[in-house]
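Colleague: Go ahead and model the full structure; you've got the sequences and the hints to work with.
Each chain, letter by letter, is given below.
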Amino acid sequence: MIIKQGLTYLTALFLGTGSLYSDAQEISGLEIMQLVEDAQRRTNDSSFNRMQLSSCKFGVTDGRITCAERPRVKSLESVSKNYGVELKDTKSVTITLEPAAERGIGMLSYAYDEAGRDNETWLYLSTLGRVKRIAAGDTDEETEPASLFGSEFTTEDTDTGKLEEYSFNILEETTTSGREVWKLEMIPNEERARKTRYSRQVHYVDKERLVTLRSEMYDRYDKEIKRLMASRVELVNDVWMSRSLTMMNLVTNRLSNMAFVEIYTDLSIDDEFLTQRTLTDAAYRETELEGLRAQLNQ
Amino acid sequence: MERILLALTKLFSKTPNFILHYKRQVLAVLLAISAFLFYGIFSLTVFDMSSDSFLEDENPAQIALDEFRRQFGGDDSVFIIYAARDGDVFSRESLTAIQNLTQDLVYWENLDRSNYGDVPWDELSHIRRVQSLGNIRVQESVGDTLRSDRLIPRQLPETESELQALKRNALGQKDFVGAFYSPDGLYGAILVQTDYGTIPVEGYESAVDVDGIELDDGFASFDLSFDETAEVQEVEFQDTDQLAYFDFDTALTEVYENYESQFDFYPVGTPSMMGQMQGVLDQMAILGTLMVLIFSLLLWILFRSGSALVWPMVTIALSVAWCWGITVWLGVTISTMIALTVLLIFAVGIADCVHVMSAYFTFRRDGIDHYEALSRAYEKVSLAILLTTMTTAAGVSVLATSSLEPIKVFAIMSAMGVVLAFLFTIFLLPILLDLWHPSSIDNKEKSSLADRLGFRWHSLENRTQLLIAAVVAVIVFLSLGFLVGAFINFVIGLTYWIVNYQRVILAKVPAIVESSPRLIILIFGVGFAICAYGATKILIDTNIAEMFRSDHPLTIAVEVVDENMSGAQNMEIMIDTKKTDGMLNVRLLSAVDQLQSRIEERYPEIIGRTNSLANIVKDTNQAMNGDDPAFYRIPESDQAISQLLFMFNSANPDDRRNIVSDDYSRSHISVTARNMGSYEYKALFEEIASDVDDTFKDVEPEFPGLDVNLTGSMATLMVMADEVANSQFNSFALALLIVSLIMMISLGSIKGGAMGMVPNAIPAFLAFGLMGLFGIPLDTDTLLIAPIILGIAVDDTIHFMTHYRIELSKTGSIGMALDSAIKEVGQAVMFTTMVIGLGFAVLSFSDYLGMAKVGFFGSMAIFVALLCDLFLIPAMIIIFKPKFGVKNVDTQTNFHEATT
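If you're matching them up, the sequences are chains A and B in order. Oh and the first sequence: position 189 is 189 in my numbering, straight run, nothing missing. Heads up, my numbering is the position in the second sequence plus 1000, with the first residue counted as 1.
If you are wondering where the hints come from, they were derived from the structure by calculation, not from laboratory data. Please note: incorrect hints may appear among the correct ones.
To be verified - Heads up, simulated DSSO-like pairs for lysine-lysine below, C-alpha to C-alpha not over 27 Å straight-line:
1. B:1682 to B:1697
2. B:1682 to A:57
3. A:57 to B:1579
Modeller: This is the structure in structure tokens:
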């Protein structure tokens, strides 16, 4: 599931204590991100989440960033499951509950770990009763990353895998929000650079918990255009994760907050559920979801 | 009044020798102040060359534009039209070239700079987006997939028939024809959008970059609170400096010119237009130098003295420097209009100095010694100079009532410059003339170079003179080209004639006037009537296509765009529903759709195309319904609109953001128009405004605060042009009135003042009248000549009338007073007219018609003013016999006998 993938290197889940890697000199940037992703995949499998996606214009009050208007809130439910070699590919379905005008809009997405194999996304518009695969056509370059449910998050922010398409530098070891972090720079290679809006990203990865606390995204003129801030870092199923991700668009002064209100993992999910049928067949979808909800209560 | 004026005249006669007594002190003080002001000029001058600077920040047009830019980004773009040399923009070669050029523009950082000239590359970072046949995409439904493919695939098809199919498909895309290629495939276009107008002001720091700033606790609690009082950082935008446009244009041109073997390019748009201004400025520098050269040469020849060349230039240069220095020390921003201020100071300063020097040299040639000549010269002309200073300063001050900041600054600076020129003429010129003056004018052994040359010339035989003249004329033609050469030869000929025959000419004038004063008045009257009629026909209009000569690249480019594409002028109809999700309302969006069809149908000649959220909704609706054209419409429910836009937003968030705000409360209709003048635009804006009211009146009850406005850089520019024009035109009338009042008071005669008004008004009306008759629109630049023409025309008239009046009270005879005025003032007036008129005429050669018109009509008006002073005023005096309160005047004139 796309949104769940967002957790991958953005939220940087990591199992267990970080003590093994406390000696920073011996670990490379790539290794840090690989560990983050490996752990992510373990927890990503067979999960069900309830999420809230809130967007607003932001302002500053007493040195705190806050919404300056009533945020537009979307409630979503999502289901995801891993497939493929070493379970490195993810299929997911996300359905909109609110607002009413968008109720029933669904997104099905298949994300592939393999470099060069493009991810696939289908959108279902409930009013028109139609499914469309969103394809950027010839995917060579200059394709716009898709926005996630109209938020400041894009597929680019949440795409996973394909780490070999980047080079990494550990810029420094420092502290942020009172935590010791690696300040890590991630630069796309030539091929990747043509597909991305970001000329580089800087991640602040919590050394102990291996959670990315902050990310900065720069455009090709090296101007910071977006910034991700993580809050509410909690141990969920023995994994540290941020349950509240805030993406700030520094150009438009708008932010989107992705809150993982409920997280359930290790569920039994029917493969059929992760196909277009779930989008178009409301009865089937509801029956399956009932089954999942029953599992939650066990 | 009489007594005050007499006392003043007396005071002025004593001034030169009094000043000379303290010349060291005066010079020291002037030097010190000058140094201080010069320091200011070089360290404090702030040039604001942006068109934005014309409108005050509170101007509604500017507010609307800033609001638009904050929401939707910069709207300054360059539209590069290209014609394929092989006659088809869809040929394999053309498509390959446009793909490569588009790549070059997008990834300009990767270009190998050693293959290009040395240009300011970094300016290209202002490119926000490049669109052309090389990269535009079409949304279409293929099977279950909504594709957004390139219209022309990166890899061109192998066969010619496949290429032809691509061409047919492209020519069927109604949203692209006229925008990216012409319907006949002869022309293509590259749209380069820039971020000009949306660059944050210098020193702008994002509030979220401040140290220690953190997210509110609400973000961790899943309960996102909000605070409407939170400080949202509104970015303030820099006014775009025209210099930045020059650099951008230079770099951009360097990149596309690489493809000149395939394409001919016709760039239009603000950055490109401003880039062309660079060429204009370069040319202005040359013409300006030529103008100063002509000023200097004429002064030198007419007075036959180096000091007569150097000292007026020093006086004028100091007036300009002080005026500029004081302005910048006051912290005022200077605009390009300073060029006009300098022109005015030149005209007025030269007139002041010429009158003083003409009188001084005449007295010296009459054998009067240096100090006495100074005293008498100042006695004779100072009062007139004071009056001309007052009238000219008052005339330009009227413009200070303008609501446009640079015009205000221009008015105040010009008034100050004129006063400074007067002060320097009164207090500095005597000292300068004392430092260096022709030691003995009649002494042949120590005569000046000009005198010696003149003497040698006259000693030549007629045949030799003719030969030399012919050789000079040919050399001038060969070296300067036909037009400029003809002009310079004319200058030489006229100067020769004036220098040698001025006395003869002036001596004949009174008799000519006396023999047929009524005929003269009739001739001037008919001329005036024709011009007054022409003036009623004048159109106040600023048109980009008419700013340059018809063979100028920019004019050609504008024509090519208008004839082959759907226009390059962009305006925006901004819609603010004041309601979250307001744009998702069926009735509102349908109204937007209707407005578009309505204006496209009503103004097919002007409006090329329109684009809005409605187009996106209709397009997506069709794509979602199997590309069935029947679905190219707004769906029936708000929910359907919402979901279609959800779809569009998911796929193209940036495009969506360019057209509708994040809360869907605000959007805009982009309108592409063909080029017109501000006059027609203004009419169009008014008509569109009423279309808007009609179309939206049904949805008003549902959206009480609904705000629909026309904006965009071009609209703002046109509002500005219109305001400039109107403020100018109105203030000109006021200036004429003030000048007349001053003349009436100073001449102590209503009749005399009213009489003076006629020769003042004629030159200005002549310029406006001819423009009206020949259909030359009066634009923002041309309007500014009015105060300058008025100022110069008034100068000569005042000198004439003042002298006449003094002589009248001295001699009590109209005949003698008139004869003296024509002969004595006539010479000075002739000289100033020659110098200023010919100097201005040089500007007629500018490619920039704004300046060329100033030069042409300015110089013509100045020559007509001379004719008025020499013929019309004397004719009027002979007929109306104004006595200016002098009693027992002998009203008889008999010039015929005097001359014969």
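Colleague: Determine for every hint whether it applies to the structure shown.
Modeller: The hints, checked one at a time:
{"no.": "1", "hint": "B:1682 to B:1697", "in the structure": "23 Å, holds"}
{"no.": "2", "hint": "B:1682 to A:57", "in the structure": "36 Å, violated"}
{"no.": "3", "hint": "A:57 to B:1579", "in the structure": "15 Å, holds"}
Against the hints set out earlier in the document, a violation occurs for number 2 only.
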